[in-house]
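Generate coordinates for the entire structure from the input sequences, incorporating the hints supplied.
These protein sequence lines are chains D and U, in that order. FYI, in the numbering used here the residues of the first sequence are 1 to 334. FYI, in the numbering used here the residues of the second sequence are 1 to 308.
No wet-lab data here; the hints were simulated from the structure. Just so it is clear, the structure is predicted and the values come from calculations on it, not from any experiment. Think of the CB as a built atom: it goes at the ideal place given N, C-alpha and C, for glycine as much as any other residue.
Computed Cβ-Cβ distance ranges for the label pairs, DEER-style: (1) D:GLU307 with U:THR226: 52 to 58 angstroms; (2) D:PRO195 with U:LEU258: 51 to 57 angstroms; (3) D:GLU307 with U:TRP117: 48 to 54 angstroms; (4) U:LYS22 with D:THR18: 55 to 61 angstroms; (5) U:THR71 with D:TYR192: 23 to 29 angstroms; (6) U:LEU267 with D:VAL317: 53 to 59 angstroms; (7) D:VAL49 with U:TRP117: 28 to 34 angstroms; (8) U:GLU254 with D:ASN104: 32 to 38 angstroms; (9) U:ASP13 with D:ALA240: 27 to 33 angstroms; (10) U:THR71 with D:ALA240: 36 to 42 angstroms; (11) U:TRP117 with D:VAL329: 23 to 29 angstroms; (12) D:ASN269 with U:THR71: 42 to 48 angstroms.
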Amino acid sequence: MAIKKSATRMTTKDPALTSEQFLKIYYFMKLTREFEESILKLYRQGKIVGGAYTGNGNEATAVGSAFALEQHDYLFPMHRDMGAHLVKGQTLRHLMLQHLGRGNSLSWGRDGTGHYADPDLKIYGNISHLGAMAPMAAGAALASKLRKENSVVMTYIGDGGSNVGDIHETLAMASVMKLPLILIIENNQFAYSTPVQKQKAAQRYSDRAIGYGIPGITIDGTDIEAVYKTCKEAADRARAGEGPTVIESVTMRMHGHSAHDGAEYVPKNLIEEWKKKDPIVRIEQLLIAKKILTQKLIDEYQGKVIEELDDAIQFAVDSTYPPAEQAVVGVFAE
Amino acid sequence: MERDSSVFLLGEDIGEFGGAFKVTKGFLKHFGPDRVIDTVLAETAIVGAATGAAVVGMRPVAEIQFSDFVTTCFSQLVNNTASISYRWHLPCPMVVRLPSGAGIHGGPFHSRNPEAWFFHQPGFKIVAPSTPYDAKGLIKAAVRDNNPVLYFEHKRLYRHIKAEVPDSEYVIEIGKGDIKREGSDISVITYGSMVHTALEAAEILQTKNNVSVEVVDLRSLMPLDTDLIYASVRKTGKVLIAHEDNITGGIGGEIAALISDHCFQSLDAPIKRIGAIDTPTPFSPTLEEYFLPNTNKVTAVLQELAAF
Numbered sequence: 001m002a003i004k005k006s007a008t009r010m011t012t013k014d015p016a017l018t019s020e021q022f023l024k025i026y027y028f029m030k031l032t033r034e035f036e037e038s039i040l041k042l043y044r045q046g047k048i049v050g051g052a053y054t055g056n057g058n059e060a061t062a063v064g065s066a067f068a069l070e071q072h073d074y075l076f077p078m079h080r081d082m083g084a085h086l087v088k089g090q091t092l093r094h095l096m097l098q099h100l101g102r103g104n105s106l107s108w109g110r111d112g113t114g115h116y117a118d119p120d121l122k123i124y125g126n127i128s129h130l131g132a133m134a135p136m137a138a139g140a141a142l143a144s145k146l147r148k149e150n151s152v153v154m155t156y157i158g159d160g161g162s163n164v165g166d167i168h169e170t171l172a173m174a175s176v177m178k179l180p181l182i183l184i185i186e187n188n189q190f191a192y193s194t195p196v197q198k199q200k201a202a203q204r205y206s207d208r209a210i211g212y213g214i215p216g217i218t219i220d221g222t223d224i225e226a227v228y229k230t231c232k233e234a235a236d237r238a239r240a241g242e243g244p245t246v247i248e249s250v251t252m253r254m255h256g257h258s259a260h261d262g263a264e265y266v267p268k269n270l271i272e273e274w275k276k277k278d279p280i281v282r283i284e285q286l287l288i289a290k291k292i293l294t295q296k297l298i299d300e301y302q303g304k305v306i307e308e309l310d311d312a313i314q315f316a317v318d319s320t321y322p323p324a325e326q327a328v329v330g331v332f333a334e
Numbered sequence: 001m002e003r004d005s006s007v008f009l010l011g012e013d014i015g016e017f018g019g020a021f022k023v024t025k026g027f028l029k030h031f032g033p034d035r036v037i038d039t040v041l042a043e044t045a046i047v048g049a050a051t052g053a054a055v056v057g058m059r060p061v062a063e064i065q066f067s068d069f070v071t072t073c074f075s076q077l078v079n080n081t082a083s084i085s086y087r088w089h090l091p092c093p094m095v096v097r098l099p100s101g102a103g104i105h106g107g108p109f110h111s112r113n114p115e116a117w118f119f120h121q122p123g124f125k126i127v128a129p130s131t132p133y134d135a136k137g138l139i140k141a142a143v144r145d146n147n148p149v150l151y152f153e154h155k156r157l158y159r160h161i162k163a164e165v166p167d168s169e170y171v172i173e174i175g176k177g178d179i180k181r182e183g184s185d186i187s188v189i190t191y192g193s194m195v196h197t198a199l200e201a202a203e204i205l206q207t208k209n210n211v212s213v214e215v216v217d218l219r220s221l222m223p224l225d226t227d228l229i230y231a232s233v234r235k236t237g238k239v240l241i242a243h244e245d246n247i248t249g250g251i252g253g254e255i256a257a258l259i260s261d262h263c264f265q266s267l268d269a270p271i272k273r274i275g276a277i278d279t280p281t282p283f284s285p286t287l288e289e290y291f292l293p294n295t296n297k298v299t300a301v302l303q304e305l306a307a308f
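Structure representation (structure tokens):
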């Protein structure tokens, strides 16, 4: 079956997904899952530069949200949203080069993981300071509005990160200026070792939206249809000039904070409970029930995904580190 | 702003009110609310939004109402803005205007000269004009530069000095200083409000002591016009570095180290520095007077140097 590099989607007011779209989403979710598994494997082999992060359990949120965007929309993802990078059109090779610190990576080895910008795809990757991208996303939304681009800007933050001042300043600005911004609060229950009960007194993160006079909605982040529909509606609102939306997408961080974190502080029964809601398993069940997927097709997708990953890994491993003296280049733009 | 529609202003009270110091008075009426934006009171949002807009192709000019408040968006500036070019290989064409400086009974939170913090962060260009002529040339250069430029406006100079500014189009290259007074015995390396203090002291040295003092106005702090600095020091052999910022950790220390490294053979005296004493800016007039460098203090150091 043909898998296009950059997904083309119908521009429609009706958020219902077609079979073709469902299969594309499934492909991206599988790709995300296997990509991160391969990153962990490479990490254990000592081939990853620095740390390794996964969004295991977050695939429906990352993929479903980005799937609601048009090509001219802007994406400001966080570190557990690799699926969003892929949906927006980023190649596996480039993501692998970033993780392996190669000179031909999009950042030229200046930063790792998803910390790069790809203006052709309108992907502006995060920096390590949580919340720091939100004001920048608001700036891109402001530019979109001033230039009458009809583009929306999607950005993300975690349950812990949503407490940072940058997020609140962003919502204050975006709400009163009616900027075309979507903020997805990925509530995966833990901020490193701190459980969400220690991060907020409010019942739901989406309740904070009321304070800014904008809509806030809490959804099941493992339900691909809920994620896509909610994000599509938020994008439609933003495009119509109605301003920002806060979407709280509830999932579970199935792995540790990073590859070196054993996460012993997470109650085992919580992991077991959330395993039953694995987004990959959920979408497979959904698509089998809709007669869009068969076990044979599932195996084909698995094979195809592994083949693409093997290519990307080999390509990155064969690429070289940047020349040392290049370190001084590019502090200033011409 | 007439030339380039991608240039727009954002900041607190800059539109309807014309700005806390009336710098942008009349702009809203002339350019409209899409070019002159009154923002929420949230510096991280202002500077972060400017960075985001710059990265996607606009040319924002953000105002931080008092330079003292730049600390509240420090993280955005040093972690995002400054390293966009280095990490992303994209231009980040934005200007941050910062009314700065003391001598107006502002106390600890309305008197800062924070340039040293940003001097230390690779990725910023920094300018500090001392005259209306330089202010025009440098703001044009700052807006046209494809990098983040911090533009420090000494607020005491807003009303304190007046001068003719040509209507013609001219741009002052960032990284180029200016000799404000030629001299042969001592070089004063300075910028901002201290340029005027240095000129007053230079006049006293000439008339009272028959000592010829050269006043080098850096205009740009990053990049520094090291060619101009070294040429002056090699000519005079004695140097005083003067800034209003606190002496310890002010950029004068870096300039002194550069001079020592590059002009050692030419030096006839130790490199001297003068700045504010190492305290937060005090409020009561007698305390602030003691705190700040002024013409008398600069004159005294120059006379010492002349006698060395």
